[in-house]
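Using the sequences and the hints given, assemble the complete structure.
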Amino acid sequence: MTLQKIILKEEPNWYFKGIGMLQHNYAFIHEESEGKAIVYFCHENGSLLNETPNQINWTEVSEEDGNLPCIVDSLEFPNTVVADFQLRTNHFSLISEEGPESNFDLDGCPTGINFFDMREYQSGIYSKQSKYWNHMNDLLFEYYYAIWIEKKNSESNEITDNEKD
1 MTLQKIILKE EPNWYFKGIG MLQHNYAFIH EESEGKAIVY FCHENGSLLN ETPNQINWTE
61 VSEEDGNLPC IVDSLEFPNT VVADFQLRTN HFSLISEEGP ESNFDLDGCP TGINFFDMRE
121 YQSGIYSKQS KYWNHMNDLL FEYYYAIWIE KKNSESNEIT DNEKD
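To convert, note that position 5 of the sequence shown is 5 in the numbering used here; the numbers rise steadily by one, no gaps.
It is worth saying that the hints were derived from the structure and are not from the lab.
Treat each hint with caution, since some may be false.
Straight line, CA to CA, 25 Å or less: simulated BS3-like cross-link-like pairs of lysine-lysine [to be verified]:
1) K36 to K128
2) K17 to K128
3) K152 to K17
4) K5 to K36
5) K128 to K9
6) K128 to K5
7) K9 to K36
8) K151 to K17
9) K17 to K36
Structure representation (structure tokens):
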């Protein structure tokens, strides 16, 4: 088996989802050149050493590479706005210094710009097992997206109004 790497230009903005017993799944959005967006998913502390299929020839893997995070699943969306909305709809939150997630222990969040692509050897927890991902149909998505945009606009207007005072 030849290991494939995914190398990003910069550190991604991470999303997380609590999955129980103080464990989290992590995701990030990668914008493709055509404007499409791919959401990549990683397990908590999911390095090659922890996610390994038996087919790996360990003589080809350096110790440093063995600690790289692994991408275990992905979903494609028309753009980053839709990807962000779908992540939030499926209970993922953007990690930031401020907000409720600062109360969680997120030490298992992957870091860096290099990843091993292990999707071929995983069960597709979000892309293939629909009980873990709410795939909205287009009409339902447009409805909720319009509500979300309206809410964002009203929050923006509230901030502007408060700044005037």
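Evaluated hints:
1. In summary, the hint linking K36 to K128 is supported, as the alpha carbons are separated by about 20 Å, within the 25 Å threshold.
2. Distance restraint check for K17 and K128: the Cα-Cα separation of roughly 18 Å lies within the 25 Å cut-off, and the hinted pair is therefore satisfied.
3. The straight-line distance between the Cα atoms of K152 and K17 is roughly 22 Å, inside the 25 Å bound, and the hint therefore holds.
4. Annotation: proposed proximity of K5 to K36 holds, straight-line Cα distance about 20 Å (limit 25 Å).
5. Distance restraint check for K128 and K9: the Cα-Cα separation of roughly 28 Å exceeds the 25 Å cut-off, and the hinted pair is therefore not satisfied.
6. Restraint check for K128 and K5: the C-alpha separation of about 22 Å stays at or below 25 Å, so the hint holds.
7. The hinted pair formed by K9 and K36 meets the criterion: a straight-line CA distance of about 17 Å does not exceed 25 Å.
8. Straight-line distance between C-alpha atoms of K151 and K17 comes to about 22 Å, which keeps the hinted pair within the 25 Å bound.
9. About 23 Å separates the Cα atoms of K17 and K36, which keeps this hinted pair within 25 Å; it holds.
When held up to the earlier numbered hints, the structure conflicts with hint 5 and nothing else.
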